[in-house]
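Student: Given chain A's structure and the hints, the job is docking chain B onto it.
These protein sequence lines are chains A and B, in that order. The first sequence begins at 0 in numbering that gives the first Met the number 0 and counts up one residue at a time. The second sequence begins at 0 in numbering that gives the first Met the number 0 and counts up one residue at a time.
Incorrect hints may appear among the rest.
Claimed, not checked - Here are the simulated lysine-lysine pairs, DSBU-like style, with alpha carbons at most 35 Å apart:
#, chain 1, residue 1, chain 2, residue 2
1, B, 73, A, 149
2, B, 249, B, 165
3, B, 73, B, 208
4, B, 308, B, 165
5, B, 308, B, 73
6, B, 249, A, 149
Think of the hints as simulated: they come from the structure by calculation, not from any bench. Because the structure is a prediction, the values reported are computed rather than measured.
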Amino acid sequence: MSAVLTAGGATVPTATSARRRRRRSLPAVVAEHTGLAVLAVLFMAPVVFVVLTAFMPSSQALTGSLWPHPWTWENFATAFTRAPLARWFANSALYAVLATGFMLVSSIPGAYALARIRFRGATLVFAAIVVMMLLPPQITSVPTYIVWAKLGLTGTLWPVILPNLLGDAFSIFLLRQFFLTIPRDYSDAARLDGNGEWGVLLRVIAPMARPGIAAAGLFMFFNSWNDYYGPLLYASENPSWWPVAYGLATFRGMHGTDWSLTMAITLLVMVPVVVLFFFAQRVFVEGIALTGIKG
Amino acid sequence: MTSPQPVLRLGALERGRRRAALAMLSPTLAGLVVFFVLPLLATILLSFTRYNLLSPPQWIGLRNYQYLFTQDPKVWTSAGNTLWFVVVLVPVRVLTAMGVAALLIRVRRGSGFWRTVFYLPALVPPVASVVAFVFLFTPGGGPVNTVLGALGLPQPLWFNDPQLAKPSLVLLGIWVMGDVMVIFLAALLDVPRELYEAAELDGAGPVAKTWYVTLPTIAPVIGFAAITGVIAALQYFTEAAVASTVASGKAGAGSSATDVLGYPDNALLTYAQWLYVRGFGSYQLGYASALAVLLFVVAAAAVTFTLRKVKAFSPEEAMS
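Chain A on its own, in the form it takes in the complex (with noise of 0.2 Å):
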């Protein structure tokens, strides 16, 4: 396979067109399209009923009537009262927010000094980087968690935060994936103009890359803002720590069975998540045809 997404923007073909078939008969045609629809019904139906279930009285939901009578917004503003809906989201952003942009810093520089430079060892680092990144986190976790501990940080976000700070295994796999497909002309071409690696990275191969850093950026947002294995293991022994993920998690346990009010958090912590995907669609599901390119 060919990488999905190159430099300079050139894309996905995001249209069927170079595949269509030239003869293919109206029945068949009406066939697929009536199977697509049934299955599209079934995908979409999970978060219609949660959204109908969000607006209806918390009397109504489990009565068997599906459908909301009165439409009401009143488990949104009991949801406030009832969660630290505010806490959670903020430290959501907070985790999501330092994460993304510690990753950046460590990870883009990581990746190019991988993808563009020549030095014994490379491969190595590689391969090290690899398995890092396929292997269980919870493999290293007790180490891990003992140190943090030991710290005095454990209860707080900071563990699952401040290790980007010294590069994600995922991102700078992905990120060179990236960088190996802006040809090499480009960096030689720089490097004869004068510049030492790190101009040859700033000015020329990071503008260039701008598409795949975006991606390996909002893979990193997404991850932490729905991180669980990591609030869980950290801070899930203070409440004044926890994200909304976690939060989330524990709200039916805590607050019995009021489902209205546990699919209006619900909604809430899926609403963000989609409003990001619709203003950088195409940068999303690039990213992640990415990550499989050359089989």
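Tutor: Positioned in the frame of chain A, the structure of chain B alone reads:
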């Protein structure tokens, strides 16, 4: 005497380049040592000790491993559950993603809309999607059973039934297959059209074209999806832990969180959760390290296999 000088300069350039590479890589190298190599070695050492954070680690030789293999009441239950997800969840997700992608590339009009519909669930934060699914499949009056009841079908207990809890999570896994689907979309669009035309000239029908053209061409991508799926399934944690917490309806904060893991009846207790329970529920950090070493051995085998099979992961491709 003109030649030595350029050579010298090139050498200096080479040195400068190496120095820059080292500077650029130093945070990454430090991260590899601090968050990977040292913790891995420490885990192995700790697995031979008894340690609870309060008193210093006490060397007990192979006792943790002896307990793990002969006495631990839940280690094989949890390993079996994880294996179940590897064997069932991964193929189901790969096949669904491939099937939907194959349908999607045939759509001419509104392809962006259809793709978004099938991709969107993959974006929903995992915790939110699990909470939503547990609600949808609530036995008494949940939307799914309401619909099943209206159709005159049986209404199972889903996440509250030890037999159905894992299959319920597979349904969730299907719903969020968009991440895998995107990879198949890209792969299917990359199959050279000439191959189909040549097959048509040879009189191949749709089935023959799929079997002899499409599948062999996208085989590496199927392999990639399967292998990364297996590696993800080996560490399956969040979905199962949140499903247990929410379906049990019990408070899930602090150390009491570990009591509900596995609900119902240990059906959802995965290996990674069992490691968490022993390590951070009851602070048996030495024993949890032994569990981690066993996980490492299994995962390392999967990773070694992956590095051989997936070209993107191999350093030989490093320099183009």
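Student: Let me make sure I understand: some of the numbered hints might not hold for this structure. Which ones are they, in numerical order?
Tutor: When the structure is compared with the hints, only number 3 turns out to be violated.
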